[in-house]
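Residue numbers (our numbering): 1 to 141.
It is worth saying that the hints were derived from the structure and are not from the lab. Do not take every clue at face value.
Claimed, not checked - Taking lysine to aspartate or glutamate pairs in the EDC-like style, the calculated list, with each CA pair at most 16 Å apart, reads:
#	residue 1	residue 2
1	K108	E33
2	K88	D61
3	K115	E33
4	K77	D95
5	K113	E99
6	K119	E37
7	K100	E81
8	K60	E81
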Amino acid sequence: MSQDCCTRGGNVMILACSGGSNVGQLSNQAAVELTREGFGKMFCLAGVGGHLSGFVQSAKDILQMVAIDGCSVGCAKAILEHAAVPIKSYLVVTDLGIEKDHNLDLKKDEIQKVKEAVKDACNREQPGPPKAVTGAGGCCG
1 MSQDCCTRGG NVMILACSGG SNVGQLSNQA AVELTREGFG KMFCLAGVGG HLSGFVQSAK
61 DILQMVAIDG CSVGCAKAIL EHAAVPIKSY LVVTDLGIEK DHNLDLKKDE IQKVKEAVKD
121 ACNREQPGPP KAVTGAGGCC G
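Please build the complete structure, drawing on both the sequences and the hints.
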């Protein structure tokens, strides 16, 4: 397995809600775009939620991570807490003033707002040097 597994393209692990509302999908789309832009790397939140050992260990070992929840239900946060994964940076999309609805036609300005909030959350964190995480199965989804 590659030594730059979770750090290629950026040293931030991004764990996003992908819920069935606009804010869940905004979380996911922001994570996709940040990964494409090289800011960080999306990671499989479902693998952590399924307690797949490689996914859980990778999430525990990464030095810089951000979890993005769409709303105050906090599914991403609950998944990480249940798997005993420390939450390093966290944000909730509805806390940015974006109202939750079930219109899945995402607005570019709202995606940008979430991306900027993710960057701000990560910039407040002062991690050590980037750490490549390798493990038994499941590195970065």
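To see whether the hints hold, each was checked on the structure:
1. Under the criterion of a C-alpha separation no larger than 16 Å, the hint pairing K108 with E33 is consistent with the structure, at around 11 Å.
2. For the given pair, K88 sits about 11 Å from D61 by alpha-carbon distance, which is consistent with the 16 Å threshold.
3. A hinted pair counts as satisfied when its Cα atoms are at most 16 Å apart, and K115 with E33 qualifies at roughly 8 Å.
4. For the proposed pair K77 and D95, the alpha carbon gap of about 15 Å is at most 16 Å, so the pair holds.
5. Simply put, K113 and E99 have alpha-carbon atoms about 13 Å apart, close enough for the 16 Å limit, and the pair holds.
6. Proximity of K119 to E37 is assessed by CA-CA distance (about 12 Å); at most 16 Å being required, the pair is judged to hold.
7. Restraint check: the Cα-Cα separation between K100 and E81 comes to about 24 Å, which exceeds 16 Å; the hinted pair is violated.
8. Between K60 and E81 the alpha-carbon distance is near 11 Å, which keeps this suggested pair within the 16 Å criterion.
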